[in-house]
Amino acid sequence: MTAKISYGSVEVGTELPARSFPVTRATLVQYAGASGDFNPIHWNEKFALEVGLPDVIAHGMFTMAEAIRVVTDWAGDPGAVVDYGVRFTKPVVVPNDDKGALIEVSGKVAAKLDDNLVRVDLVAVCDGKKVLGMSRAVVRLA
Amino acid sequence: MALDQSFVGRTYPPTPAYEVGREKIREFAEAVGDTHPAYVDAEAARALGHADVIAPPTFVFSITYRAAGEVVRDPQLGLDYSRVVHGDQKFSYVRPVRAGDRLTVTSTIEAVKSLAGNDIVDIRGDVHDETGELVVTALTKLVARAAEEA
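Line by line, the protein sequences are chains U and Y.
Residue numbers for the first sequence follow this note's numbering, beginning at -16 and rising by one.
Residue numbers for the second sequence follow this note's numbering, beginning at 45 and rising by one.
For the record, the hints were derived by calculation from the structure and aren't laboratory data.
A portion of the hints provided could be inaccurate.
Per the computed footprint, the stretches of chain U lying under chain Y, defined by three or more beta-carbons under 8 Å from a beta-carbon of chain Y, are [what the hints assert, rightly or not]:
no., stretch
1, -9 to 1
2, 32 to 46
3, 49 to 61
4, 87 to 94
5, 103 to 112
Even glycine gets a Cβ: it sits at the ideal position worked out from N, Cα and C.
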């Protein structure tokens, strides 16, 4: 594990570079194939409406995969992530157009722990709504 | 329908080994748009201290969810799988998953409860490599939403 950020250089409140992640229907089809999650709510509008959703929604695990990139790109080593957890609070609704949806993720250091570990709290927003709750990662810094 | 509380603590047999392939890792990284070199370039991964290319942190869910699916479809548990949504997800890593790992998942039902008509099941998936070492633990909360009033 070789993080490029040193533990001594961060403090509680240090903000990580925020990122925006676009997601279209094509993204969801690609993610379905790569992850093996072919639930039709992620690609079939008719099915999504029938089960009471407003439209096709992104895989929660896709959003979870995007949000941690704020941490892994900052830390430099994806293997430095020790813990990562989220709650799926609101769906990311993905319309059938060329723009899709935009997941905006920010993060800041919420606690400094022992052994060069820090806890980063993440906020993921789509269309003005928080789509993840309790989104926290613990990462080992240099 | 209330779920059977006697399922709490039940552990299912380990899954057959899943061999982590470097092209599968590449495919997953591309699908989430993540261009970190440690996912595709063994030299870059080794420079960070890893034995081979590593997988993005959430990659392992594909394996643990398949194992959890067998648990929640256990007819004796009585969960309505067609109404299941993903509530929470957590991972605790001993080390990152890497190409060449042969991973097995042992699933345990940690909690079973009903809240406001929703059935909630917490499943822990302990992922071990071919040497028997723990690699990562996945905690998955599944919620079977209450059926609408007829």
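Query raised in the report: Which earlier hints can't be squared with this structure?
Result: Numbers 1, 4, 5, in rising order.
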